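Visitor: Residues per chain, in single letters:
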Amino acid sequence: MRKSLLAFSLSAALVVGCIQQETPAPRQPLPEKTLLIGLTPEHNIFKQVRRYEPLADYLSKKTGIRVTLKVLTYRGNVIDNFRFLKLDGAFFGSFGYSLAHAKLGVVALARPEVPDGISSYHGVLFVRKDSEIRTVRQMKGKRLALVARATTAGYLFPSIYLKRAGVRNPETFFKEIYFAGAHEGTIDDVLDRKADVGVSKNTVYNRFAAENPRIGRELVILGKSEDVPENALALRRGVEDPVKRKLGDALIAMHADPEGAKVLKAFGARRFIGTTEADYMPVMTYARELGIDLADFKFPAEE
Amino acid sequence: MKKKILIGLGILSLLFMVIGAYVIVTVERATSRLDQLVKLHQVEILREHLLLQIKRVQSDLAWSGTRYASGVDTIVSHGIQMGKVVDRCFLCHHSPQVTEGLVDLKSQTGRYEDFLSHVLTLDANRARREAEKDEAVRRGQELIAKVNGIIALTSRNLESSSQAVFRQIAITKTMLFLLIAMGPLILMTLGFLFIRELTRPMNTLLTATRRLKGGALDHRVEGLKDEFGELATSFNEMAGSLTEQMQKMRRTEQMVVVGELAAGLGHEVKNPLAGIKAAVNLLSEELTLTKEDRDLFSRIVEQVGRLEALMKGFLNFAKPPKPQWERVSINEVLETTIDFFLVSHRSSFQAFGGIDIRKNMDEGLPRTMADPMQLQQVFLNLFLNAGDAMPNGGALAVRTLYDASADSIRIDIKDTGTGIDPEILGRIFSPFLTTKSKGTGLGLAICRQMIGQHGGSIGAENDPAGGALIRIILPVKRGEEEVQAAW
Chain A
47 MRKSLLAFSL SAALVVGCIQ QETPAPRQPL PEKTLLIGLT PEHNIFKQVR RYEPLADYLS
107 KKTGIRVTLK VLTYRGNVID NFRFLKLDGA FFGSFGYSLA HAKLGVVALA RPEVPDGISS
167 YHGVLFVRKD SEIRTVRQMK GKRLALVARA TTAGYLFPSI YLKRAGVRNP ETFFKEIYFA
227 GAHEGTIDDV LDRKADVGVS KNTVYNRFAA ENPRIGRELV ILGKSEDVPE NALALRRGVE
287 DPVKRKLGDA LIAMHADPEG AKVLKAFGAR RFIGTTEADY MPVMTYAREL GIDLADFKFP
347 AEE
Chain B
6 MKKKILIGLG ILSLLFMVIG AYVIVTVERA TSRLDQLVKL HQVEILREHL LLQIKRVQSD
66 LAWSGTRYAS GVDTIVSHGI QMGKVVDRCF LCHHSPQVTE GLVDLKSQTG RYEDFLSHVL
126 TLDANRARRE AEKDEAVRRG QELIAKVNGI IALTSRNLES SSQAVFRQIA ITKTMLFLLI
186 AMGPLILMTL GFLFIRELTR PMNTLLTATR RLKGGALDHR VEGLKDEFGE LATSFNEMAG
246 SLTEQMQKMR RTEQMVVVGE LAAGLGHEVK NPLAGIKAAV NLLSEELTLT KEDRDLFSRI
306 VEQVGRLEAL MKGFLNFAKP PKPQWERVSI NEVLETTIDF FLVSHRSSFQ AFGGIDIRKN
366 MDEGLPRTMA DPMQLQQVFL NLFLNAGDAM PNGGALAVRT LYDASADSIR IDIKDTGTGI
426 DPEILGRIFS PFLTTKSKGT GLGLAICRQM IGQHGGSIGA ENDPAGGALI RIILPVKRGE
486 EEVQAAW
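Note that the protein sequences, when read in sequence, are chains A and B.
Quick note on numbering: the first sequence equals residues 47 to 349 in our numbering.
Quick note on numbering: the second sequence equals residues 6 to 492 in our numbering.
DSS-like cross-link-like pairs, simulated, lysine-lysine; straight-line CA separation at most 27 Å:
(1) B:89 x A:107
(2) B:138 x A:221
(3) B:317 x B:327
(4) B:230 x B:8
(5) B:419 x B:441
(6) B:138 x A:188
(7) B:138 x A:93
(8) A:79 x A:132
(9) B:111 x A:93
(10) A:108 x B:89
(11) A:93 x B:89
(12) A:292 x A:132
(13) B:151 x B:111
(14) A:292 x A:108
(15) B:441 x B:275
(16) B:275 x B:327
(17) A:209 x A:149
(18) B:111 x A:311
(19) A:108 x A:132
(20) A:221 x A:270
(21) A:290 x A:107
(22) B:60 x A:93
(23) B:151 x A:93
(24) B:89 x A:311
(25) B:282 x B:296
(26) A:132 x A:93
(27) B:111 x B:44
(28) A:308 x A:79
(29) A:93 x A:107
(30) A:292 x A:107
(31) B:89 x A:308
(32) A:149 x A:290
(33) A:308 x B:111
Coverage of chain B stretches by chain A, computed from C-beta distances (three or more under 8 Å per stretch; other residues unrestricted):
(34) 82-95
(35) 128-135
Since the hints were derived computationally from the structure, they do not count as laboratory data.
Since we're looking at a predicted model, the values are computed, not measured.
Cβ atoms here follow ideal geometry from the backbone N, Cα and C, with glycine treated the same way.
Only chain A is shown next, with the shape it has when bound in the complex (with noise of 0.2 Å):
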């Protein structure tokens, strides 16, 4: 009796709590089209999801086309994993979105804007407040964490600032160069001590820094880029121009909207502005300086 009063009671819980827990509300019917984004890791990958996932949802919703997240890492060739995933689009730094533009043909529509009115972002050097390292010198033998090779921040950046304090080869100056493969793992490793220099995007830096008061605390910049374009949205070349307009209208538009407002307000940024290829200017301007082929840049394995 007890036993079956337990399985009843259970079964019926599973069916009716479970079930209201996890079901999700009826959705309106799927879209037939389906764009697979990209997203290029700036911090945890989890959590990179989780933001980006309400505005997909958002996306979706607004222009009938379901936008499906796919996380596109940096590890090897980024150009290549963009190929492999078959993506539509992504999400991209300012370095990655010039190279995928220069060997894809990616377009960028959009790029948002936080709620200080900043739509752009500079690459940070720093070390431990507690290490000897406050000049290029002081980091010879030392080890260095950058984020990937198509990054503005996690390569360009401190590829130019070495180069400009005459490091004419990072390889044999440091005792270990390593990609983290996202901006906040650099900031993550010095902390812990794995790396003595890390680089990253000030916004992630500063993000990071308000949620870890450790970082504050322990770490000290010592150097930045000039502001290049924030991760803009870019699609690819054989996506349809209706596609395009209608995923950057959306975008455009969403801080208009109540919902989008909510969307924005828990994505981080005020709104989503236009965007254009003068933006990217610095970054071209730091390719030319480093001899940079955009269209003929070779990742290692390609090397």
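Mind docking chain B on chain A? Use the hints.
Guide: Coordinates of chain B only, in the frame set by chain A:
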């Protein structure tokens, strides 16, 4: 009784309410306990689910970097599922202590995600990659150990909670069964008591009625209360009245028999008396008698005359003559009687010192069917009584009044005499009651009989100012039909 019924209904309602409230509260409690138990099991399942999610991510991590590794998206998806399960835990728990533990769990899961993310995005030399992977695996194992610890702890708590809930449910079930079994019994008992309380006095009264019907007139109902008590009192009064009436009837019957016997006897005595009287008269005229003997004969004749008068009155009383109905004016009958009274008894009044007759006749008095001779006899009798009550003279007031509401005529005859002895006031209309030395005691009895034959009533009372008042009420009868109906 009404109060008892109300109290009974109140008790029943209260009982129903209490039982109903108890059942509702009990069912609610049992449901709540079951709900609590279900929630605990849900939590248990959720934790098991979390454990599975972590182990799956750990598995993903273990295979990462090998040819069997899952895609980054798959691992990310698993990691996000794991995070969602942790978040779902916050929907169920609210106590600060548990919440604190969950916050710690979430933080630890977050750190695990950080390491996992690091492993998935890291592009470094093999040693670093391995170190990062080992660190992530270690964090994962710590997380698994923590969740296992929580599961073990909650399993123990769940078991004890389940036992407690089952015990409470068993008690609740027993109580409910008892209520279901006892409830109708209690209600039936109460109903029986109420019905018995209601029917017992009714049965008592019914039995008393039957006994009364059977002739037990001295039977009385005792021990009843409330409305039934009042009914019993009324019943007892009725029985008393019946007894009294029965006694009166018996006496009346006896009187009728005695009357008939006396009438027969009187009739038989009347003729010899007449013979005696005639013989004595003849003897007294024919014999030469001394004055003493002649006086003796006169006294014999006088006494025989008294006997004749007594016999006549007695016969009138015993066999009252049937009224000779005619439409009369009471005022005229009274006027005639007063005139006759004044003429026939003038000498007596003068001897008394004079009686002042005061008449107050209602001119609007309707005519009524009555026997004028009988009424004259009644009125004359009353006037003579009044005269006797005023040996030194006085006033005799005669008043008539028509009472339209009762359609009756009231005749008041009031004297200023000595009044009626209070001791015999209630019995003055009884036969053979007299205060006069030479009275027969039948005058007022015959008056009442005659007035009764007219459908009226006669009463007497003393005036506090002095004297007696005799009041006669006669219903107005306008036609022969009413008279016949009355007879």
